[in-house]
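A.B. asks: Here is what each chain is made of, one letter per residue.
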Amino acid sequence: MTTLLEPSVAAPAPARTSFLTRWRARRSADPTPVWLTIVGTMVALYLVLPTLIVIPMSFSEASTFVFPPRGHSLWLYRNFFTNDRWLDSLRNSFIVASCAAAIATVVGTSAALGLHQLRGRRSARFLQSALMFPILTPSIVIATAVYISFLRWHLVGTLAGYVLAHAALATPFVLATVTSALGTFDPTYLRASASLGASPWRSFLTVTLPLISRGVATGAVLAFVTSFDEVVIALFIRSPRFQTLPVQMYNSVVVEIDPTIAASSSLIVVTVSLIFLVALLGSARRTSRPGSANNRRSVVRRTR
Amino acid sequence: MTIGISRSSATGPAGERSGKGAQIRLESVTKDFGLAHPAVDNVTLTIEPGEFMTFLGPSGSGKTTTLNLIAGFESLTSGTIRLDSQDVSTLPAHKRNLGMVFQNYALFPHMTVAGNIAYPLRERKVPKAEIERRVAEVLELVQLKGRDKHYPSQLSGGQQQRVALARAIVFNPRALLLDEPLGALDRNLRAALQLEIRRIHREVGTTLVFVTHDQEEAMNLSDRIALFHDGRIEQVGSPENLYAEPETLFAARFLGDSTVFALGDQPVTGPVTWEDERWAVDAGTVAQRARSGGPTALVVRPESMGIVRDRAQVPGGANAVRARVRDIEYMGAYRTLVLGVGHAGVSGRARIPAADKNYAIGDEVVAWWHPDAQRIVAA
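Going line by line, the protein sequences match chains D and Z.
Count the first sequence with our numbering and you get residues 271 to 574, in order.
Count the second sequence with our numbering and you get residues 360 to 738, in order.
Check before you lean on any hint, since a few could be wrong.
[Claimed, not checked] Sample of chain Z residues lacking proximity to chain D, with all beta carbon distances greater than 10 Å (derived):
#	residue
1	R455
2	E482
3	D507
4	A671
[What the hints assert, rightly or not] Just the calculated beta-carbon pair ranges, DEER-fashion:
#	chain 1	residue 1	chain 2	residue 2	range
5	Z	A495	D	T302	49 to 57 Å
6	D	R391	Z	Q445	29 to 37 Å
7	Z	D443	D	L406	24 to 32 Å
8	Z	Q625	D	P457	50 to 58 Å
These are computed hints drawn from the structure, not numbers from a lab.
Think of the CB as a built atom: it goes at the ideal place given N, C-alpha and C, for glycine as much as any other residue.
Given only the sequences and the hints, what does the whole structure look like? Please build it.
C.D. replies: Structure follows, in structure tokens:
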């Protein structure tokens, strides 16, 4: 135990301090147990590996699904980027996801702000649960409901139909992230801005929005991804004229047995990971920036 | 209770001021949140242009709610608020043109110091060059020159509060409202900022409403103090007035220490009795509100109370009572004897010179005071 108490600047003790002792000394007073690290790593691998398997598959030379992949080739990618059906569905997915994310972000943010004003009341809790419904309901149920009503409204197979259905599905994600961002938002800021002459709308633009922007951005990314990989509703309301990428992938496996799906899957995995990585890095930079909520609170604590 | 005060602040230290601020009139202002008692209950008060008015009171006494009503953050249940005779009762906060400083500063964390101070000017569409000039000016006024590029989180609590002050005065508001602005600061910083606030008030000359629960702070700063109790104004007056001539027991206890003798319902026009003592009453020391009957109390400030060994040493004409020394507090400049007074052992305090070491805990003594140094208040 004494080695733990030695100051780190002390001259290194001779051979008696083993590697293990020094390693223990370097660890904090309340270290993460080794077994927990191992279990954690295994769970992480279990979650990630199945997704990563498609990447080597996408470079395969074989024209059917074989694992481990045979040879190295880019022909699946060439297939993907030269085939109009793949490219059209990719473009469609981007358009649908962008529009759906935009609508979901506006609606979800407004809902979160409104519910924040009503917080503490029973009606607010009820509304919050109601707005979370699309997350909790099995997607097949939603898809059926959407299909039946869209048939009547002639929205099946249209861009508007995809966008509306996906926006409804994605709104709860924005609601959740913005609500949590508002949790740390000090309402005194709004009194301050009002006393300084800003109307409620100006206060929202100049104070609230910048301070909850991370929640809004995270929500928008989640909404985009939710729409981008949504397959159940898209299967129901697809039409020969308008298909999203996930539906095209589904077809390629079930109908065409086309291994190009490996390339498209890899592209999606990499793209989505990149989006999240950028969002994460962006938010990490914000956290370390002076003036972020965390810094501010620690300063206030220090001065008290 | 209704107190209408119209003492002009054109006299005394307020005399030199330019009088740029607005007059604030509260007329029967009431705010009821639907609880057992209204948070603010029929408050009538006039705050004169350029005056430094402090709302003093314990937490929950309605002082902050009253300030929020003036600022426009809460809606009135009934009554009227006027700024220079303009009825602002239903005017939204952002149109009232009042500067506000909050206890937790409420500086926008995503803007620099300069950005924060420029905010009210940008909202008023002031030209850019003038914004720059006025921000620089006000930064000098609060002695934070060269900090304009910093973010609030990079400043100390005292500096942040100065920025908040600068932001609240830069647009020449009709009045400045401060809600316990020094509550989050340590003792030394509080003292420094109190001086600063007084100086800024003198230089800017605006009407200033200051909310605090700290009686020392209220005494140091104010032209007048409005003492709040249970949603009502207990008493309004200068610090000297409130300390020397409290109207009620609450006022006497809240500002400064005192020894309190409950007199019950006995008449206070002549001599009064307490336990087996009989005391002379100076008519000038009977509070207005103690004259109308009802329970009263006699209070004596520690500095007015003398201590002797036996009754023979009590000066002629003074009132006296037996007491036992319970504790002695050395305060540096003086000593305070904590007393158990009379048979009942009512808790009392007397101030004696620091050098006086003649008393020990447990000593039987006689406490005395002149009848003109006591005060009879409504209990």
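A.B. asks: Quick check on a hinted range of 49 to 57 Å for A495/Z and T302/D, using CB atoms only.
C.D. replies: For T302/D against A495/Z, whose Cβ atoms are near 52 Å apart, the range 49 to 57 Å holds.
A.B. asks: Given the range 29 to 37 Å, decide if the beta-carbon distance of R391/D to Q445/Z lies inside it.
C.D. replies: Check passed, 35 Å falls within 29 to 37 Å.
A.B. asks: Confirm or reject the claim that D443/Z and L406/D have a C-beta distance inside 24 to 32 Å.
C.D. replies: Taking Cβ atoms as reference, D443/Z and L406/D lie about 57 Å apart, which means the hint is violated.
A.B. asks: Report holds if the minimum CB distance from E482/Z to chain D is greater than 10 Å, and violated otherwise.
C.D. replies: 4 Å, violated
A.B. asks: Would the non-interface assignment of R455/Z survive a Cβ cutoff of 10 Å against chain D?
C.D. replies: 8 Å, violated
A.B. asks: Per the stated criterion, does the least C-beta distance between A671/Z and chain D lie above 10 Å, as a non-interface residue requires?
C.D. replies: Holds, since 55 Å exceeds 10 Å.
A.B. asks: For D507/Z, is the shortest beta carbon distance to chain D beyond 10 Å?
C.D. replies: Its Cβ never comes within 10 Å of chain D, the nearest being 14 Å, so this holds.
A.B. asks: How does the Cβ-Cβ distance of Q625/Z and P457/D compare with 50 to 58 Å: does it lie in that range?
C.D. replies: 53 Å, holds
In the structure shown, a violation is registered for the earlier hints numbered 1, 2, 7, in ascending order.
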